[in-house]
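**Q** Note that the protein sequences, when read in sequence, are chains D and R. Residues 180 to 405 (my numbering) make up the first sequence, in order. Residues 180 to 405 (my numbering) make up the second sequence, in order.
Do not take every clue at face value.
Since the list gives no way to pick one copy over another, a pair counts as held whenever it fits inside one copy or between any two copies.
With a Cα cut of at most 30 angstroms, we get these calculated DSBU-like pairs of lysine-lysine [to be verified]:
#1 K299 <-> K354
#2 K299 <-> K202
#3 K265 <-> K369
#4 K382 <-> K365
#5 K369 <-> K354
#6 K365 <-> K202
#7 K369 <-> K227
#8 K354 <-> K365
#9 K299 <-> K265
For the record, the hints were derived by calculation from the structure and aren't laboratory data. In this text, all values refer to a predicted model and were calculated from it rather than measured experimentally.
Protein chains: 2
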Amino acid sequence: NHYIICGFGRMGSLICRELAEEKAPFVVIEKNPDIIQRLEDEGYVYLKGDATDDKSLLRAGIRRAQGVVCVLSTDAENLYTILTSKELNAGIYILSRCEEEVSEHRLLRAGADRVISPYKMGGMRMAMAILKPAMMDFIEITTRRQSLELRMEEMPLSEDSAIIGRSLEAAEIRKSYGLIIVAIKKDSGKMIFNPPAGYVIEKGDRLIALGEDEDVNRFNQVCMVP
Amino acid sequence: NHYIICGFGRMGSLICRELAEEKAPFVVIEKNPDIIQRLEDEGYVYLKGDATDDKSLLRAGIRRAQGVVCVLSTDAENLYTILTSKELNAGIYILSRCEEEVSEHRLLRAGADRVISPYKMGGMRMAMAILKPAMMDFIEITTRRQSLELRMEEMPLSEDSAIIGRSLEAAEIRKSYGLIIVAIKKDSGKMIFNPPAGYVIEKGDRLIALGEDEDVNRFNQVCMVP
Ligand SMILES: [Ca+2]
Ligand SMILES: [Ca+2]
Numbered sequence: 180n181h182y183i184i185c186g187f188g189r190m191g192s193l194i195c196r197e198l199a200e201e202k203a204p205f206v207v208i209e210k211n212p213d214i215i216q217r218l219e220d221e222g223y224v225y226l227k228g229d230a231t232d233d234k235s236l237l238r239a240g241i242r243r244a245q246g247v248v249c250v251l252s253t254d255a256e257n258l259y260t261i262l263t264s265k266e267l268n269a270g271i272y273i274l275s276r277c278e279e280e281v282s283e284h285r286l287l288r289a290g291a292d293r294v295i296s297p298y299k300m301g302g303m304r305m306a307m308a309i310l311k312p313a314m315m316d317f318i319e320i321t322t323r324r325q326s327l328e329l330r331m332e333e334m335p336l337s338e339d340s341a342i343i344g345r346s347l348e349a350a351e352i353r354k355s356y357g358l359i360i361v362a363i364k365k366d367s368g369k370m371i372f373n374p375p376a377g378y379v380i381e382k383g384d385r386l387i388a389l390g391e392d393e394d395v396n397r398f399n400q401v402c403m404v405p
Numbered sequence: 180n181h182y183i184i185c186g187f188g189r190m191g192s193l194i195c196r197e198l199a200e201e202k203a204p205f206v207v208i209e210k211n212p213d214i215i216q217r218l219e220d221e222g223y224v225y226l227k228g229d230a231t232d233d234k235s236l237l238r239a240g241i242r243r244a245q246g247v248v249c250v251l252s253t254d255a256e257n258l259y260t261i262l263t264s265k266e267l268n269a270g271i272y273i274l275s276r277c278e279e280e281v282s283e284h285r286l287l288r289a290g291a292d293r294v295i296s297p298y299k300m301g302g303m304r305m306a307m308a309i310l311k312p313a314m315m316d317f318i319e320i321t322t323r324r325q326s327l328e329l330r331m332e333e334m335p336l337s338e339d340s341a342i343i344g345r346s347l348e349a350a351e352i353r354k355s356y357g358l359i360i361v362a363i364k365k366d367s368g369k370m371i372f373n374p375p376a377g378y379v380i381e382k383g384d385r386l387i388a389l390g391e392d393e394d395v396n397r398f399n400q401v402c403m404v405p
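Go ahead and model the full structure; you've got the sequences and the hints to work with.
**A** What follows is the structure in structure tokens.
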């Protein structure tokens, strides 16, 4: 149930830092011996090898992994790793970084579930900082890992969560926790925005809540209680 | 009231595309003759010159500009441009890209109002795609320029807007427009999250609204009507 991080460059190390903070299990594949020392220093689980190679991916446990993150230095290497990963585990979730804009559709066609281009994203964020500065602040503050103010959080439900079958109103999400449910992502992938108070919570729903840090944590626990 | 974009590299061209779509006025400073042709092709206002040079910034109208965006290829060039810009117009808004993580605090100390690191942002987004995929979808969908579904939008008020002095409830934002005001950024910079229905709208407030595309547009117009 772990993630395989292919490449420990700048992006790779940032992703590992976030995953480690959230205690999500992962293993890094890195071939550059100069970088291995940094992995040692961080104390991360890693293996020395080439992520474009079947053997490295198999050793990293791709058959039982939850996802592969391709953050190698070129789009060509990422593309190759996506194809190899799909061959070894057809159902695995694949996330890839994309350097050149033209590569995006190729990486998706090769089987990546999601492609992220740091330059494109950075450019859009910089434009947002100019055109919609308050909205930019709102997103930055609410999506921070530890916000002292309002926080947005995604809440999965446990299989036997007590709130399954109850309406948002009956679950007293607004009344007892002061939270707004801005959207619900259904198991099918469908997204319901701004759900009405009468919406009945179903198994597999992921609630996206907005509220005070402590209230979010309090309700997060309720979602997991049978 | 324009923006000066220093550098028409990858980030620079993405920012210009966003600004052009929103019809925000800007002028680009670029020194590389190979890139000038692309600026010609796009039909953007530009001047050939070095953005670290006082003369280029003065020619680009820095004394009357609203902001400077530093997206030159190195942190050193961006730092130099920030310092020069502050000298020429102390009150100007400065946004800078940052390449190396260690440069961030230097760029801020030099006078940048906001610094964006594409790698850091990309890494955080990739971690979010793994750890909080529904929240990532929510943000991507709602912050898109043209969303066919729910949209988040920042709404400034005109000086003489009819809704100034009314409460959120009295302005019927929820009742008539189906919008949720998730936050309000005050003129002072203070952010009020999840404001109560009794909150009285003040001059200079920027409302951050969440709702259906057409409702957002409808209410946006109301904010501008005396
Ligand atoms: Ca708090
Ligand atoms: Ca619509």
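**Q** Given a CA cutoff of 30 angstroms, do K365 and K202 count as a within-copy pair, a between-copy pair, both, or neither?
**A** within (25 angstroms within a copy, 37 angstroms between copies)
**Q** Is it within, between, both or neither when you check K265 against K369 at 30 angstroms Cα-Cα?
**A** Within one copy only: 25 angstroms inside a chain, 48 angstroms across chains, cut-off 30 angstroms.
**Q** Tell me, please, which holds for K369 and K227 at an alpha-carbon limit of 30 angstroms: within, between, both or neither?
**A** Neither way: K369 and K227 sit 40 angstroms apart in one copy and 49 angstroms across, limit 30 angstroms.
**Q** Tell me, please, which holds for K382 and K365 at an alpha-carbon limit of 30 angstroms: within, between, both or neither?
**A** Only inside one copy: K382 and K365 sit 9 angstroms apart there, 40 angstroms across copies, limit 30 angstroms.
**Q** I want to check one pair: K299 and K202. Are their C-alpha atoms no more than 30 angstroms apart within a copy, between two copies, both, or neither?
**A** Both, since 29 angstroms and 19 angstroms are each at most 30 angstroms.
**Q** What label fits K354 with K365 when the C-alpha limit is 30 angstroms: within, between, both, or neither?
**A** Close inside one copy (23 angstroms) and across copies (26 angstroms); limit 30 angstroms.
**Q** Go through the copies and call it for K369 and K354: within, between, both or neither, with a Cα cutoff of 30 angstroms.
**A** So K369 and K354 pass the 30 angstroms test inside a copy (26 angstroms) and across (26 angstroms) alike.
**Q** For K299 vs K354, is the C-alpha pair at or below 30 angstroms within one copy, between two copies, both, or neither?
**A** Neither. Shortest intra-copy (40 angstroms) and inter-copy (37 angstroms) distances fail the 30 angstroms Cα cut-off.
**Q** 30 angstroms Cα cut-off: does K299 pair with K265 within a copy, between copies, both or neither?
**A** both (26 angstroms within a copy, 28 angstroms between copies)
Checked against the numbered hints given earlier, the structure breaks hints 1 and 7 and satisfies all the rest.
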